[in-house]
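Here the sequence shown is numbered in numbering that gives the first Met the number 0, starting from 0 and rising by one per residue.
To be clear, the hints were calculated from the coordinates, so they are not data collected in a lab.
All residues carry an ideal CB built from backbone N, CA and C; glycine is no exception.
Any given hint could turn out to be false.
Across the chosen pairs, the derived CB separations fall in these ranges [stated by the list, open to error]:
| no. | residue 1 | residue 2 | range |
| --- | --- | --- | --- |
| 1 | A94 | A73 | 14 to 22 angstroms |
| 2 | G45 | E9 | 53 to 61 angstroms |
| 3 | L6 | E54 | 45 to 53 angstroms |
| 4 | D5 | H109 | 14 to 22 angstroms |
| 5 | A115 | E56 | 19 to 27 angstroms |
| 6 | D5 | P120 | 40 to 48 angstroms |
| 7 | V75 | P120 | 17 to 25 angstroms |
| 8 | P120 | K71 | 18 to 26 angstroms |
| 9 | V75 | I28 | 31 to 39 angstroms |
| 10 | D91 | E54 | 17 to 25 angstroms |
| 11 | A8 | T79 | 43 to 51 angstroms |
| 12 | G118 | A69 | 36 to 44 angstroms |
| 13 | E77 | Q3 | 17 to 25 angstroms |
| 14 | T41 | N83 | 21 to 29 angstroms |
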Amino acid sequence: MNDQHDLQAELADLIELDDAIFPEWNEPIVCRVEVDLPGWLTQLAGGKEWEVYSEDEDETCISFAMREKATKTAKVAEVTLYHNGYAVVDVDGKALFDGTLTSGTSECAHLTYYHADSGEPVTLN
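Make a model of the complete structure from these sequences and hints.
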């Protein structure tokens, strides 16, 4: 029982030490995924000049209905971007992408980080 108490005290000391050395580690950070939707759809499905013609947002995601402009056999797509970085892309009823955008899966998506309190950008080394 005494060993457990000693371990808890040692852990508390380490946490206090981390807070003193790296106080910025305790600041809340917001991660934002930015996606060039027309560019990404061109990368996934081919075609040219994709446009968003409707969007719908709820608590967990934003969905975009998209279509190709000015073609006789225009493709239609649904892109759903979840707030946790997950995405699903269907083009003409076929799933073309089902995964995370946060793992460097596309040149058309990038992450930016901000301090939650101030909105200032965070620079990562």
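Original post:
Is the gap between the beta carbons of G118 and A69 within 36 to 44 angstroms?
Top reply: The hinted range 36 to 44 angstroms holds for G118 and A69, with Cβ atoms some 39 angstroms apart.
Subject >> Verdict for A115, E56 (Cβ pair) under range 19 to 27 angstroms >> reply: Holds, since A115 and E56 (Cβ atoms, about 20 angstroms apart) stay within the stated range.
Subject >> Cβ distance range 53 to 61 angstroms for G45 and E9, holds or violated >> reply: holds (59 angstroms)
Original post:
Do D5 and P120 keep their Cβ atoms within the hinted range of 40 to 48 angstroms?
Top reply: Check passed, 42 angstroms falls within 40 to 48 angstroms.
**OP:** Can you let me know if the beta-carbon spacing of A8 and T79 is within 43 to 51 angstroms?
**Re:** holds (48 angstroms)
**OP:** May I ask you to test the hint 17 to 25 angstroms on the CB atoms belonging to V75 and P120?
**Re:** violated (36 angstroms)
**OP:** Could you say whether the range 17 to 25 angstroms given as a hint is met by the Cβ separation of E77 and Q3?
**Re:** At roughly 53 angstroms between Cβ atoms, Q3 and E77 fall outside 17 to 25 angstroms, so the hint is violated.
Original post:
Honestly, do P120 and K71 meet the 18 to 26 angstroms range at C-beta?
Top reply: Violated - the Cβ-Cβ distance for P120 and K71, about 44 angstroms, lies outside 18 to 26 angstroms.
Original post:
Is 14 to 22 angstroms right for how far apart the beta carbons of D5 and H109 are?
Top reply: Cβ of D5 to Cβ of H109: about 46 angstroms, so the range 14 to 22 angstroms is violated.
Original post:
So does A94 sit 14 to 22 angstroms from A73, Cβ to Cβ?
Top reply: The hinted range 14 to 22 angstroms holds for A94 and A73, with Cβ atoms some 19 angstroms apart.
**OP:** May I ask you to test the hint 17 to 25 angstroms on the CB atoms belonging to D91 and E54?
**Re:** Holds - the Cβ-Cβ distance for D91 and E54, about 19 angstroms, lies within 17 to 25 angstroms.
**OP:** Determine whether the Cβ-Cβ distance between L6 and E54 falls within the hinted range of 45 to 53 angstroms.
**Re:** With Cβ atoms ~51 angstroms apart, the hint holds.
Hint compliance for this structure: hints 4, 7, 8, 13 are not met, and every other hint is.
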